[in-house]
Amino acid sequence: MGRRSRASRGMIHRFITLITGMAGQGENMFRRRIALAALTGLTVLGAAQAEPLNYNVVNLEASAQRSVTNDLAIATLFVEVNDADPTRLSGKVNRTLAAALKMVKQQASIKVAGTGYSTFPVYNAKTNRADGWRGRGELRLSSRDFETLSRLLGQLQQPLEGGLSLQLAQVSYGVAEETRDKLENELIEESLKAFRQRADLVSRGMASKGWRPVNLNVNTQSFIPPQPVAKAMMMRAESADAAPAPLEGGDSKVTVTVSGSIQVE
Numbered sequence: 000m001g002r003r004s005r006a007s008r009g010m011i012h013r014f015i016t017l018i019t020g021m022a023g024q025g026e027n028m029f030r031r032r033i034a035l036a037a038l039t040g041l042t043v044l045g046a047a048q049a050e051p052l053n054y055n056v057v058n059l060e061a062s063a064q065r066s067v068t069n070d071l072a073i074a075t076l077f078v079e080v081n082d083a084d085p086t087r088l089s090g091k092v093n094r095t096l097a098a099a100l101k102m103v104k105q106q107a108s109i110k111v112a113g114t115g116y117s118t119f120p121v122y123n124a125k126t127n128r129a130d131g132w133r134g135r136g137e138l139r140l141s142s143r144d145f146e147t148l149s150r151l152l153g154q155l156q157q158p159l160e161g162g163l164s165l166q167l168a169q170v171s172y173g174v175a176e177e178t179r180d181k182l183e184n185e186l187i188e189e190s191l192k193a194f195r196q197r198a199d200l201v202s203r204g205m206a207s208k209g210w211r212p213v214n215l216n217v218n219t220q221s222f223i224p225p226q227p228v229a230k231a232m233m234m235r236a237e238s239a240d241a242a243p244a245p246l247e248g249g250d251s252k253v254t255v256t257v258s259g260s261i262q263v264e
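At position 115 of the sequence shown (counting the first as 1) the number is 114 in numbering that gives the first Met the number 0, and the numbers step up by one without a gap.
Because the hints were derived from the structure by calculation, they are not lab data.
Among the hints, erroneous ones may be present.
What the hints assert, rightly or not - Taking CB as the label site, the calculated pair distances span:
#1 Phe-222 x Arg-87: 45 to 53 Å
#2 Pro-245 x Ala-175: 14 to 22 Å
#3 Gly-249 x Ser-62: 52 to 60 Å
#4 Val-111 x Glu-189: 30 to 38 Å
Owing to the predicted nature of the structure, the values given are computational and were not obtained by experimental measurement.
Using N, Cα and C, we set each Cβ at its ideal position, and we do this for glycine too.
Using the sequences and the accompanying hints, generate a full structural model.
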């Protein structure tokens, strides 16, 4: 026990003596209760002072980063049609999307990531009144087979059933979920190892016996450089016989950061 603990015991002893004297002098019950409550408070205070304080707490951070080739492509295509009749407009868009989906389902390596449909009025520039409708249908595709996807994108930009064709809006790239999970697990191990090394360095620098973790946080993040739509792909789509433009996914950077506190003993 330290000086504070011995002082607390002395205070408690003197207080007990005071209470005993008060009781012997016939003090009323109210004062005795106040005295007992104060005694309880001093006991708790003494126990709290005996508890070890948090000291030598150091905040640390360590990271591990790796570049990985993007192995997933997500393409967005669309068709836009104008018509005075919204029902006829909807039919044109739906038939075009249905024809596109039929072609997509023939490729096992390509998945449909989603479809969308929206309509909005078209206003006459002179009268400022709605005199027609414009419909837009979207189709999103994802694949890890870049070659097959590139070829299909070229085919979808040719006239389909009904005479309409899709247009390429954008192609974005990323890391497939299974690839990311595996990489993040590896980076977690690396960042934890780096965290321990830094903790050991701090411990040695402070000439301590060791250290123990107080709290830890693990965060993951990735950075994908912006990828503009390949104009060459849209230009080549004008010719049905043109070779499909290759898809280049580029790289992403995946980072895992371990941050937290340690107590040097």
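Checklist entry - Has the hinted range 14 to 22 Å been met by the Cβ atoms of Pro-245 and Ala-175? => result holds, 19 Å
Checklist entry - Between Gly-249 and Ser-62, does the beta-carbon spacing fit 52 to 60 Å? => result Given about 22 Å between the Cβ atoms, the range is violated.
Next on the checklist: Quick check on a hinted range of 30 to 38 Å for Val-111 and Glu-189, using CB atoms only.
Outcome noted: holds, 37 Å
Checklist entry - Is 45 to 53 Å a correct range for the gap between the Cβ atoms of Phe-222 and Arg-87? => result holds, 46 Å
Going through the hint list in order, the structure does not satisfy hint 3, though it satisfies all others.
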